[in-house]
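Enquirer: Chain by chain, the residues run as shown.
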Amino acid sequence: MLMESRGTPPDVASAAVGEGAVAIQDLSVRFGSTQVLKGISAQIARGKVTALIGPTGCGKTTLLRALNRLHDQRPGFHLDGSILLEGSNIYARGTDVRDLRRRMGMLFQRPNPFPQSIAENVSLGARIHGLWARGEVKARTEGLLRDVGLWEAVRDRLGGTPFMLSGGQQQLLCMARALAVEPEVLLLDEPTSSLDPHSTGRIEELVASFRGSKTVVFVTHNLQQAARCADEVLFMMAGEAIEQSPVRAFFDHPGDERSRAYLEGRTA
Amino acid sequence: MRSTLRRGRDLVFWGLCLLALAIVIVPSLAIIASLLQQSAPALNAHLLTATTASNGLQNAILGSGLLMVGILVVAGPVGIAGGIYLAEFASPTRGGILRLGYETLAGVPSIVIGFVGYIVLDQEFHWGFSLLAAILALSAIVLPYVVKTTEVALMQVPATLRDAAIALGLPRVTILRRALLPPAIPGIASGLVVALAIAVGETAPLLYTVGFTDQNPTLTLFQHPIGYLTYVVYLNATLPTQLEHEVAGAAGLVILAMILVLIGVGRLVGRRAVRYAAQLPT
Amino acid sequence: MRFLGNARGAGGDAGPTVVPPRRRLADADLTGRDRAVRGALLAAALVPTLMLLFLAAEMIREAIPAFVYSGTNFFTGQIFTFGNLYITKETVHHGVLAPHGASYGALPFIFGTLASSLIALLIAVPAAVGAVLALTERVPAGLQSSLSIFLELLAGIPSVVYGFWGILVFGPLLAKHVFPILTELGSVIPIFRGGVGGGEGLLTASLILAVMIIPIIAATTRELIRTVPILAKEGALALGMTQYETAKVVTIPYVRRGILAAAILGWARALGETMAVLMISGNLLNGFPVNIYSPFSTLAATIVAMLDSALTDATGMAIHALAAIGVVLLVITVATNLIGRLVIRRVSGGAVLPVGRGI
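Residue numbers (this note's numbering), protein chains in the order written: chain G, 1 to 268; chain E, 1 to 282; chain L, 1 to 359.
Please note: incorrect hints may appear among the correct ones.
Quick list of the computed label-pair ranges, beta carbon to beta carbon [to be verified]:
1. L:Val331 x E:Gln242: 38 to 48 Å
2. G:Thr161 x E:Asn216: 51 to 61 Å
3. G:Ser41 x L:Lys248: 26 to 36 Å
4. E:Gly128 x L:Thr227: 49 to 59 Å
5. G:Ala139 x L:Pro229: 39 to 49 Å
6. E:Pro92 x G:Ala208: 39 to 49 Å
7. E:Pro92 x G:Gly94: 18 to 28 Å
8. E:Ser91 x G:Arg157: 55 to 65 Å
9. L:Ala36 x E:Gln37: 56 to 66 Å
10. L:Val331 x E:His126: 57 to 67 Å
11. E:Gly128 x L:Lys89: 46 to 56 Å
12. E:Ser91 x L:Val331: 45 to 55 Å
Among chain L residues calculated to face chain E with C-beta under 7 Å, some are [said to hold, decoys possible]:
13. Ala44
14. Leu133
15. Ile167
16. Val169
17. Leu239
18. Thr242
19. Val250
20. Ile303
21. Ala305
22. Thr312
23. Asp313
24. Val328
In short, the hints are calculated from the structure, not lab data. Glycine included, every Cβ here is placed at the ideal spot set by N, Cα and C.
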């Protein structure tokens, strides 16, 4: 698995865009006796941007974190159903969890750079996963920083601390860090919720540029943002998946009464 | 009428509270004053150049310093490693047991540790008065503190940083080294420094494990007593003459200065611990 | 397919399984190097617990002959003597050999330990709580941190320095100026009756112990008072309550059980305190203090005071007797500590409170 992906772009191109890259099947999650997700089934389309939306506390973030197995550490975590990434269950026994997490890149609500230099932040994961040869670290770090549009701002202080950067720049650095390990799927957990409008725009541009090459799952509480960035919408409420539709269809003709109520600002 | 009564009660209550505050402040000042007053005639370079044989403190200062180095070497690594395990690896059950263990050890009177150290290490193992026995006894006293501060320092690293490192699929050792330890280091260092302050003020664990000598300390681990400051205070305060009290006071002053400097440094370093969280944008 | 947070528990479709709470990651993602490092760290984490078990086991093993020799006399007897160590005549009791005339009655030490620590607690709790209330509620914020330094100072002063102060300054001062007044009061309050002596004794030691444990109680109380919601206090003040009434109705009820826990921890410290008590107790060996000013001794102080001469006992029984004293001390302090930690765990909900020796 690891060897195949080394140095080559993710195999999205070889498979058809639009088919299911991630299949969520009857997924239920509870912590102790608290049921958080209830029988969710959904297909995350390959090479497209799927927005997870719904009222606060509906389980969007729980679902997103389940895709990266970030709940494994939580007390009382219990999961039923399955999540298939390219056909294989990520919760199956014997799953290489670290490689799974490499394939599922993640960006968080607030930027969280490592307490390492700016360059280290970008290259650390790629080097640990054996993706970059020693000689190419410098060039590929630069490439990624250029990709996210941070190069000009940091080229003179690659060895310096990331904490001197603005919040938006830190989030872009975290994006470069996530991209460095060549994930097939990018999980974005309200990545712009703490950013200024300019940085938000930059992140949205980046997300748009991934279309066709990366599968993106995007949690947002901002309906305009979902409308701007997403191809598909998965609408959730109280731990259930209510509706999954193409973005235009969802906003123009929501298929479920509860979706309509939510979009119109009525309490369902 | 009624409001006068209530105001009166208020005054009396806070008057008593301020009196209580005075009970805290006065003894600390009185103790420092008495140390200064008792030791005043002896406070000169002679203290540093002569050993306790001729009413100096050189051997005792060196001995206390040596014991602190020993603790850094023994309790430091063990305590930090134990704290890391508890914060990052232990299951709740196992963590609960180990925490109960070190918290209970922290409550064991120091004389019990000194007594067992003497009986087992000095006697049964035939180490005699031994630097190593003393270091081990003192380590038993400060280990819980080092473990606890390490654990707390790691717990206080923002959860989002741990998430980011996990989500990247990094191995646990790398997560620790690159993401969690750097922001925790000030807290850990602060705990270690304060642990030294605790150790340097101890007497009971040392009395019978390391003995006492007027000679300057050597690095001999076994069959060799060491002089140290707290013993000078203990012994000389209970001796009858003024000159001895002067030396006791001077020794007390030196220990107190060392402890206060260590605690101060510890607090200063500890203050850096909150920086990482503050640097993350909100 | 069913997955459990604990990977080892993954067991097909066997119906709902109780998942043990597990805070850390499942082991699935550990590399070989991770496992090796974890093993090394575990070894280190075991050290304090192993030390504790070793201390307890050694102490008990060492003490058994003395318990056998003394029987219940250990807990009820008032005479503690190693016997005549200079003649070779020996006594056999319950099949155990000891020097002629040896008697190991530890009741006076148990009494002294409990009495001095309880008197200390009686003084320290109100003083610590009052000082913290004054500090957090009344003193201007600018002065607060500089006054808090005194609490840290008290916590940092080593026990021998307290002893030094007690024997050279505080004890004589009390004997000359304070105790004579107290003994006059004895006509009203019986406990203060009696000759005042030279200042080395139960009350002096208790007062010093009180000062020594104030920082422990104060530090915990302060952390707890910080958790009292400001809104609750403001609510009371808005009702027109005085600050005293606010403290009485809101603040103190909020932290009451925490103060109890802090008091127990302070008590544990006072029970085990050695050097300061040794220096100012006057070291009474056989029998109880005749009044509150008179010399006495504690379990901890006795171990230090008598270990030297115990070494000269060829039968080794004297060491066993001191170990027996140590076991009693260990049991009392460990039990007190555990109770204190239990209470604190209930009230603080995992808040970080001081551990061990009070700094």
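Enquirer: Taking the hints in turn, state whether each one holds.
Expert: Against the structure, the hints:
Separation of L:Val331 from E:Gln242 is about 43 Å and conforms to the stated range, judged on CB atoms against 38 to 48 Å. A C-beta distance of roughly 45 Å is found between G:Thr161 and E:Asn216, which places it outside the suggested range of 51 to 61 Å. Under the hint 26 to 36 Å, the C-beta atoms of G:Ser41 and L:Lys248, about 59 Å apart, miss the expected range. At about 51 Å, the beta-carbon gap between E:Gly128 and L:Thr227 stays in the expected band of 49 to 59 Å.
Roughly 55 Å separates the CB atoms of G:Ala139 and L:Pro229, a value that falls outside the hinted 39 to 49 Å. Under the hint 39 to 49 Å, the C-beta atoms of E:Pro92 and G:Ala208, about 44 Å apart, fit the expected range. For E:Pro92 and G:Gly94, the hinted distance range of 18 to 28 Å is satisfied, since their beta carbons lie about 25 Å from each other. Checked against the hint of 55 to 65 Å, the pair E:Ser91 and G:Arg157 fails, with Cβ atoms roughly 42 Å apart.
Checking the proposed 56 to 66 Å range against L:Ala36 and E:Gln37 shows it holds: the Cβ atoms sit about 58 Å from each other. Distance hint check for L:Val331 and E:His126: the Cβ-Cβ separation is about 30 Å, which falls outside the suggested range of 57 to 67 Å. Between E:Gly128 and L:Lys89 the Cβ separation comes to about 31 Å, which falls outside the hinted range of 46 to 56 Å. Range check, E:Ser91 to L:Val331: Cβ separation about 30 Å, and the 45 to 55 Å hint is violated.
Because the beta carbon of L:Ala44 sits about 3 Å from the nearest beta carbon in chain E, less than 7 Å, this interface hint is met. Because the smallest distance between the Cβ of L:Leu133 and any Cβ of chain E comes to about 5 Å, under 7 Å, the interface hint for this residue holds. At about 6 Å, the closest approach between the beta carbon of L:Ile167 and any beta carbon in chain E falls short of 7 Å, and the interface hint on this residue holds. At about 5 Å, the closest approach between the beta carbon of L:Val169 and any beta carbon in chain E falls short of 7 Å, and the interface hint on this residue holds.
The beta carbon of L:Leu239 comes no nearer than 13 Å to any beta carbon in chain E, farther than 7 Å, and the hint placing it at the interface is violated. Against a cut-off of 7 Å between C-beta atoms, the interface hint on L:Thr242 holds, since the closest Cβ of chain E lies about 4 Å away. With 7 Å as the threshold, the beta carbon of L:Val250 stays out of range of chain E, its nearest partner Cβ sitting at about 14 Å, so the hint is violated. With a cut of 7 Å, the hint placing L:Ile303 at the interface with chain E holds, because the nearest CB-to-CB distance is about 5 Å.
Using the Cβ-Cβ criterion of 7 Å, the hint placing L:Ala305 at the interface with chain E is not satisfied: the shortest such distance is roughly 10 Å. Because the beta carbon of L:Thr312 sits about 14 Å from the nearest beta carbon in chain E, more than 7 Å, this interface hint is broken. Given the 7 Å rule on beta carbons, the hint for L:Asp313 is violated: about 13 Å separates it from the nearest Cβ of chain E. With a cut of 7 Å, the hint placing L:Val328 at the interface with chain E is violated, because the nearest CB-to-CB distance is about 11 Å.
When each numbered hint is compared with the structure, violations occur for hints 2, 3, 5, 8, 10, 11, 12, 17, 19, 21, 22, 23, 24.
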